[in-house]
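Colleague: Required output: the full structure, derived from the provided sequences and hints.
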Amino acid sequence: MPQSNGNSTVLKIDGLTKFFGGLRAVHDFDVVIKEGELVGLIGPNGAGKTTIFNMITGIYPVSSGKVDFKDRTITDLPAHEVTHLGIGRTFQNIRIFPNLTVLDNVRVAYHPHARYNVFDGILRSGRFGRGEKEMTERAQEFLSVFGLDEYQDSLAANLPYGEQRRMEIARALATEPDLLLLDEPAAGMNPGEIVELMDLIHFIRDRFDLTILLIEHQMRVVMGICEWITVIDFGEIIARGTPKEIQNDPKVIEAYLGSQATRG
Amino acid sequence: MKLRSIPIWVQTLVFFLVVAVVVYVAFSQGVLTEYWQQVILAGAILGISALGLNLKYGYTGLFALGHAAFYGIGAYSSALVTKDWLTQWSGSPVGGLAGLLGIESGFIAAVAVLMLIDIGHRRRALRERLMELISPFEATILSTVATILVGGAVLTVVGGGIGWLVRRIVLAVGPSVLAALPAIVSQQVVFLVALLAGAVLAALIGFLISLPLLNLTYDYLCIATLGFGVMTYVFFNNADQLIPTMKGARGMVGIPRLTTWPWVVAALAVALIVMRNLIYSSTGRAILATRDDLVAADTMGINTYQYKILAYSIGCAFAGLAGGLYAHLYAFLHPSNFTWLKSVDPFVMVVFGGVGSMTGTILGAFSFVTLLEGLRVLPAELIDWRYVIYPVILLFVMLFRPQGIMGTNEWGFLRRPRVEGKKASEDAAGAPERAPSEAPASASDS
Numbered sequence: 001m002p003q004s005n006g007n008s009t010v011l012k013i014d015g016l017t018k019f020f021g022g023l024r025a026v027h028d029f030d031v032v033i034k035e036g037e038l039v040g041l042i043g044p045n046g047a048g049k050t051t052i053f054n055m056i057t058g059i060y061p062v063s064s065g066k067v068d069f070k071d072r073t074i075t076d077l078p079a080h081e082v083t084h085l086g087i088g089r090t091f092q093n094i095r096i097f098p099n100l101t102v103l104d105n106v107r108v109a110y111h112p113h114a115r116y117n118v119f120d121g122i123l124r125s126g127r128f129g130r131g132e133k134e135m136t137e138r139a140q141e142f143l144s145v146f147g148l149d150e151y152q153d154s155l156a157a158n159l160p161y162g163e164q165r166r167m168e169i170a171r172a173l174a175t176e177p178d179l180l181l182l183d184e185p186a187a188g189m190n191p192g193e194i195v196e197l198m199d200l201i202h203f204i205r206d207r208f209d210l211t212i213l214l215i216e217h218q219m220r221v222v223m224g225i226c227e228w229i230t231v232i233d234f235g236e237i238i239a240r241g242t243p244k245e246i247q248n249d250p251k252v253i254e255a256y257l258g259s260q261a262t263r264g
Numbered sequence: 001m002k003l004r005s006i007p008i009w010v011q012t013l014v015f016f017l018v019v020a021v022v023v024y025v026a027f028s029q030g031v032l033t034e035y036w037q038q039v040i041l042a043g044a045i046l047g048i049s050a051l052g053l054n055l056k057y058g059y060t061g062l063f064a065l066g067h068a069a070f071y072g073i074g075a076y077s078s079a080l081v082t083k084d085w086l087t088q089w090s091g092s093p094v095g096g097l098a099g100l101l102g103i104e105s106g107f108i109a110a111v112a113v114l115m116l117i118d119i120g121h122r123r124r125a126l127r128e129r130l131m132e133l134i135s136p137f138e139a140t141i142l143s144t145v146a147t148i149l150v151g152g153a154v155l156t157v158v159g160g161g162i163g164w165l166v167r168r169i170v171l172a173v174g175p176s177v178l179a180a181l182p183a184i185v186s187q188q189v190v191f192l193v194a195l196l197a198g199a200v201l202a203a204l205i206g207f208l209i210s211l212p213l214l215n216l217t218y219d220y221l222c223i224a225t226l227g228f229g230v231m232t233y234v235f236f237n238n239a240d241q242l243i244p245t246m247k248g249a250r251g252m253v254g255i256p257r258l259t260t261w262p263w264v265v266a267a268l269a270v271a272l273i274v275m276r277n278l279i280y281s282s283t284g285r286a287i288l289a290t291r292d293d294l295v296a297a298d299t300m301g302i303n304t305y306q307y308k309i310l311a312y313s314i315g316c317a318f319a320g321l322a323g324g325l326y327a328h329l330y331a332f333l334h335p336s337n338f339t340w341l342k343s344v345d346p347f348v349m350v351v352f353g354g355v356g357s358m359t360g361t362i363l364g365a366f367s368f369v370t371l372l373e374g375l376r377v378l379p380a381e382l383i384d385w386r387y388v389i390y391p392v393i394l395l396f397v398m399l400f401r402p403q404g405i406m407g408t409n410e411w412g413f414l415r416r417p418r419v420e421g422k423k424a425s426e427d428a429a430g431a432p433e434r435a436p437s438e439a440p441a442s443a444s445d446s
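From first to last, the protein sequence lines stand for chains A and B.
Position 109 of the first sequence, counted from 1, bears residue number 109 in our numbering, the numbering being contiguous throughout.
Position 148 of the second sequence, counted from 1, bears residue number 148 in our numbering, the numbering being contiguous throughout.
Wrong hints could be hidden among the right ones.
Under the rule of at most 20 angstroms between Cα atoms (straight-line distance), these lysine to aspartate or glutamate pairs were calculated in the EDC-like manner [to be verified]: (1) K12(A) with E236(A); (2) K66(A) with E132(B); (3) K133(A) with E420(B); (4) K66(A) with E128(B).
No wet-lab data here; the hints were simulated from the structure.
Modeller: Here is the structure:
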C-alpha cells in the first residue's frame, strides 16, 4: 500500500462540540489527519459520527470548537464553500438526485467550475457549447472509470442500489476533493459487494491522491482498510489506535457488546 | 426523406409556425368569433404565466402561492407605460416609462455594487474580527447594523443616482426618438418596452421578496408568499392614493388594446425557448439538483440559496410578461383579477399538465381555459355547473394520472437533448483505468 509522502496536516479538529437543545451529541472531539491517510471513525449507533461529518461539511452549525482544513479555519463556512475548498462527502442514506440522469448527477458536481454563465445557457452561445462539451467529456470519463457509462442516460432513481452507491462516490470525487468523507459506504451491501467496495476505496485513494475519513459499521471494512481508527461513544472519544489495538481495547468491546460480554 | 433525419428543432419550429399561421388566418378571416379569439389568446398568456410557476414549483420545488401578484405587477406597470403614451397621464408621454426604467436600473445598479463588494463575506469577516474584541452576540448585532447601513447608503447613492440619471435621459431623449418613427411603429415599440419593463419589475420584486423568504421551505414558504399576494392585492386596491390613474378598486381603464396573436405567440415562443435552454444547461441542472436534494446539492458546491432565488425571479419575470399581455388584451385591470385565489389557477394548469413538464404546462393552460369557457355551450340553466364539472374532471385526472397529463415527458424540441455516449475508439486507446467492479465470488466469504 503506497504510503503518501506528505506529512502535512489535511484536517485538524479541536474541541468540536455539538448540542441539539439539551442533548450533547458530540463532546470535545479532536482528530488530526495527515495527507494520504485512510482513517476510520467508528462507534455504536447514535454515537455522533454523522454529526461530526455534518459539522465538518458545514451542514450543521458548530456549537463550539474549531475545524481547520489545510491551515484554513472552515468552522461554520457554508456547505458549498467547504466543497469548493476541497472536501467531498457521501451520505449514510444515499442522497442522489433521483430525477436526473446518471450523467447529469455527475455533471452537477462540475457546475461550480462551469465556464459559462446563465446568459450563455439561455442564448446558447459558443461558450455554452464549449463549456458543455468539456463538462460532458469529463463526466463521461468519470462514469467509465466507475463502470457506469452504460447507465449514462437512465434516471439515477432506476439504478440498482450498489450502482447508486458507486455513482454517489463518483459524484463526490467529481467535485475534485482532497479529503473525502465516506459515511457508511458499505451500509446495506452483501459480503461480495463489500469486498468490491474495499477494492474501490483503495483504488480511488491511489488514483485521486485522496485523504479519506471513513465512518463504517462493518468491522471487516474498517479493520481491513483503515490505517488507524478513532472510536467514539455517546459523543466522546473512547479509544484511538491501529485496527489491532482497537480490536482488543476493553472500552471498545464494552461499547459495542455491552459490559456483560466476555472477551475471546 | 425520413422524418428522423430532420433535426428535432426544425420539426418543432415547423409545427409551431403552422399552428401560429393557421390560428392567425382563422382570426383574420373571422372563422373564430371575437370571443373564441380571446379564449385562445388567454390560453397562451396563461400558459406563459404557468410556465413561470412550473419553473418555481415543478423545477425548483418551491411551493410558492403568490404568482398572481407578479402577474398583476407586470400588468399594472406595463399598462401605466402604454397608457401614458396615449393619454399622457403623467404629463409626458414617456413619464411612466422613465420612472419605471429609473427604478429598475437604479435597483439593478445597487444590487450589482453590493454583489461586487461581496457584502455577505464582508459582514462575516467583520463579525469574526469583532468577536475577538466583544461577545459573539454584540458582534452579530454590530456587523448586521453596519451591513444595513452600508446597504442603505449604496442603495441611496448608487441606486438613487443611476436611477435619477436614467430617468432624466429617458425623459429627455424618449419623446424625440419615438416621434421620429411612424406612429404605428412607435406604438408597438412602446408596447414591447412596456412588456419587458413589466417583466423586469416583476423579476426584481420577486428577487427582493425571495431574499428573506427562500430560507423557508414547503408550507412556510407557501404561507409567506400567500402573505405577499395579499399585500399586493391590497396595494392594487389602494393604488390610486399613489398613482391616481391606477384607479384602485374602481379598476384601471384606458389601456390600449395592443395584444394580438403575433405578439402572444412570439412571447410564448420566447418563454419556451428561454425556459428550455435554461433547464438544459448547467444552471438548470443546479436548479434541478436543488429540488431533488437540497443538502446533496450543497455538498456538490452549489449555492442552493442563490439558485432558488434565480429560478424564483425568472419565474416571476414570466408572470410579469404574461401580465403585461393580459392588461393589453382586455384593456381593463381590476385588483380582483390578482387576488391570491388567482394564484391557484396556474397551479391547476401545472398539476393538470404535468409538474416539471413544459409541454404539459402549455397543454394544461389551454385545457383549463377551453374547458372553462367551452362549457359555456351548456344550456343556460346548467351553465353554473361549469364550476362543478371542471373540478370533477380534475379529480379524475388526479385519481387516474396523478403525475398530470404529460408527467415529466416533453415533446419535440422541449425534450432533453441526447448526449452522445463516449466513443468506443477513445475507450480502446489509452482508456482510463477502471475501478474494480467485478468481485470474485470466492472472495466474498472469509
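Colleague: For each hint, tell me whether it holds in the structure or not.
Modeller: Quick rundown of the hints versus the structure:
1. K12(A) with E236(A): 17 angstroms, holds
2. K66(A) with E132(B): 15 angstroms, holds
3. K133(A) with E420(B): Holds, because 10 angstroms separates the two Cα atoms, which is no more than 20 angstroms.
4. K66(A) with E128(B): 13 angstroms, holds
In this structure, none of the earlier numbered hints is contradicted; all agree with it.
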